[in-house]
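A.B. asks: These are the residues of each chain, in order.
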Amino acid sequence: AQSVAQPEDQVNVAEGNPLTVKCTYSVSGNPYLFWYVQYPNRGLQFLLKYITGDNLVKGSYGFEAEFNKSQTSFHLKKPSALVSDSALYFCAVRGTGFQKLVFGTGTRLLVSP
Amino acid sequence: DTAVSQTPKYLVTQMGNDKSIKCEQNLGHDTMYWYKQDSKKFLKIMFSYNNKELIINETVPNRFSPKSPDKAHLNLHINSLELGDSAVYFCASSGGTSGNTIYFGEGSWLTVV
Chain Z
1 AQSVAQPEDQ VNVAEGNPLT VKCTYSVSGN PYLFWYVQYP NRGLQFLLKY ITGDNLVKGS
61 YGFEAEFNKS QTSFHLKKPS ALVSDSALYF CAVRGTGFQK LVFGTGTRLL VSP
Chain B
1001 DTAVSQTPKY LVTQMGNDKS IKCEQNLGHD TMYWYKQDSK KFLKIMFSYN NKELIINETV
1061 PNRFSPKSPD KAHLNLHINS LELGDSAVYF CASSGGTSGN TIYFGEGSWL TVV
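Sequence order for the protein chains is Z and B.
The working numbering puts the first residue of the first sequence at 1, with every later residue one more than the last.
The working numbering puts the first residue of the second sequence at 1001, with every later residue one more than the last.
Same shape as in the complex, but just chain B:
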């Protein structure tokens, strides 16, 4: 009965590669997010989608491109990976009966070497 699931959990890749992280929620929420947690544990929002429409787009390099094929999915594609992209990426969702509460996935640990 996983609520917000993201894959892969761990990803090690070389600089310059392109990679994707997938996220799915089965909570019936209509808003989904991507957050980035850096090595100092700072959490910062990257993107937010509501009903498949982009509503928050923070200052993120355009190498990062989110895609929401439907309300339950929000994927993150990253082009030309750089060392500084190494971080934990959290998918999250909110809405429906949870109201304002945002529920997070378990995170995807990205290491760029």
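One chain only, chain Z, in its complex shape:
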């Protein structure tokens, strides 16, 4: 069965600094990897995904993620954090076919002015 680990409950970063939110996964076969963001009292918004191809994936709001097959990781990054990036970030993985999308436990990102 597939699983996702987000080892940090919270990441703190100063505005303008680069940020990284970590994610590792386990899945049989080729992974489909996703990042979502959740603002308070809102639904999940899709940020980016890796299905195949280039290991560096670019997404919404200047976020990107790097797929590393040997380390089974898919860390979310942004070169320069904004206060408005403060939110809850979820990594998710699924296998091929009608497999369910499994979410990590979420990482709260706090960007200070």
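Derived by calculation from the structure, the hints in this document are not laboratory data.
The reader is advised that the hints may include incorrect statements.
[What the hints assert, rightly or not] Just a few of them, taken from the derived set where beta-carbon distance is under 8 Å, the chain Z residues facing chain B:
(1) TYR32
(2) ARG42
(3) GLY43
(4) PHE46
(5) LYS49
(6) ILE51
(7) PHE90
(8) LEU101
(9) PHE103
(10) THR105
(11) GLY106
For every residue, glycine included, the Cβ atom is placed at its ideal position computed from N, Cα and C.
We have chain Z; now place chain B onto it with these hints.
C.D. replies: Leaving out everything else, chain B in the frame of chain Z:
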């Protein structure tokens, strides 16, 4: 141009009542889901329908019954509500041109008192 819409957004009800949450998507997707987010923000899939057929049914009490009258709708009916059912329920959909990406509604906040 709402993509995945669910109603009601907030629902407060007493233990033992029966309630329904409705979901509609106008994305032309053929797969729909219900996810539950608990108080610790953990997200877990409950059900998935593809073209009105149930394809994923996680270990959910049979008090929860999904119904998909057509591809664009997936409703969730809950009988005999319990305190532990208090959570945020997210409807989602995927398919069509979005491929593997799952798009979420804004959530329905259910509080059982």
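A.B. asks: Could you run down the list of hints and mark each one as holding or not?
C.D. replies: We went through each hint and held it up to the structure:
no. : hint   : in the structure
1   : TYR32  : holds (5 Å)
2   : ARG42  : holds (6 Å)
3   : GLY43  : holds (4 Å)
4   : PHE46  : holds (6 Å)
5   : LYS49  : holds (6 Å)
6   : ILE51  : holds (6 Å)
7   : PHE90  : holds (7 Å)
8   : LEU101 : holds (6 Å)
9   : PHE103 : holds (4 Å)
10  : THR105 : holds (6 Å)
11  : GLY106 : holds (5 Å)
Taken one by one, the earlier hints all hold for this structure without exception.
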